[in-house]
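*Asks:* Those protein sequence lines, which keep their order, are chains A and B.
All the letters of the first sequence, read from the start, carry residue numbers 146 to 326 under this note's numbering.
All the letters of the second sequence, read from the start, carry residue numbers 13 to 171 under this note's numbering.
Just so you know, the hints here were simulated from the structure itself, not pulled from any lab data.
Using N, Cα and C, we set each Cβ at its ideal position, and we do this for glycine too.
Please note: incorrect hints may appear among the correct ones.
[To be verified] Where chain A lies over chain B, by a calculated footprint (3+ residues, C-beta under 8 Å):
id, region
1, 32 to 42
2, 47 to 59
3, 75 to 82
4, 163 to 170
[Said to hold, decoys possible] Simulated DEER-style distance windows between Cβ atoms:
id, chain 1, residue 1, chain 2, residue 2, range
5, B, Ala58, A, Phe325, 47 to 53 Å
6, B, Ala58, A, Ala220, 30 to 36 Å
7, A, Thr308, B, Gln167, 36 to 42 Å
8, B, Met33, A, Leu151, 36 to 42 Å
9, B, Phe73, A, Ile155, 22 to 28 Å
10, A, Ser242, B, Gly70, 19 to 25 Å
11, B, Phe73, A, Val282, 52 to 58 Å
Below, each chain spelled out in residue letters.
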Amino acid sequence: MDRSLLSLIIVFAPLSLFSFGGGQAVVADFQYQSVEVHGWITNEQFTDLYAVSRAAPGPSTLIAALIGWQVYGFAGAVIACLAIYIPSSIVVYGATSWWHKNEKSPWRVAIEKGLGPIAVGLVFAGILAVLRAAHIVEPGHINYLGLATFLLTGFLLYVTTITPYLLIAGVAIFYGCLQFF
Amino acid sequence: MAWMHREIVERRKLLDDQGFMTGLTIAQVLPGANPVNLALYLGMHARGRMGAAVAVFGIIFPAFCVVLIMGYLYRTYSDFEATHVVLGGVAAAGVGATLAMGVKLARSVMVKIIPTAIAIFTFVVIGILRWPLVPVVSVLVPLSILQAYLIHKRQSKDG
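In isolation and in its complexed conformation, chain A is listed as follows (with noise of 0.2 Å):
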């Protein structure tokens, strides 16, 4: 098992490239590369920090700095952070002149439909792969609790305009009274 700081950028930097629309692209391989493949935490460990990036203002990808923080600390979670933001974010830099030095171009226009669908097939693989990790889905069993749990979350949020923050604390404080009754 490696737990280097070299072994996180290894991981993370490429996916930065990749995080179209954010890190809910990449949590697919997030799951993959530090449960599976690396071995860096247990698939309890990533849900409980997804859950936790989840409930955090600000975007999701920071989840990279929990995982970071659990492979090698403070200073895992700097470089961690450091590595899911600053390939996209040189990318993003170099597109933006060029976007508007090409306003005619055709390929601004094929760039954009054409990163669309993926970001989509991926969005959905990262949704499958939290509902495996926090075992509400899995082959041969069921959590119907998660699940409604997901699915009604997923509804109220699709056809309302609430702010999610809203929901997850609702969900929090109602498992939190499952506890004691």
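Chain A is fixed; fit chain B onto it per the hints.
*Replies:* The following block gives chain B in isolation, referenced to the frame of chain A:
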């Protein structure tokens, strides 16, 4: 985002509406978290390279501190079984939030057959077959952009 628009376009007049919309498109389409990318775009327009760097740092640093504080609390209370139960619920709700976003995105993208096929292929290969993301998507991205380019070219010729 609405707050950023008011501050940048309406109050400080650093950018016009169209410039802001271009920034929003770039922020959403390209890799990286949307708010971070938008901050980079706006910082770049205000003060060039330095502005971009300062804006990115300014938007990530507070969020980074908050997530570490929450991570610290998590570690402090991780010996209690209840912590994991509550976080399991929060994870389910968090992934539900991603579902709502994913369905909205899918409805705007999956209207034609080829983009739909690309989206489903990506999902199956990464999500179900669990192939490694980086090599697979490195191949898919250029192919997908190329097909979008060819379709766009043919459409503009017909039109």
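*Asks:* Report the numbers of all earlier hints that the structure fails to satisfy, in ascending order.
*Replies:* Hint 11 contradicted; others consistent.
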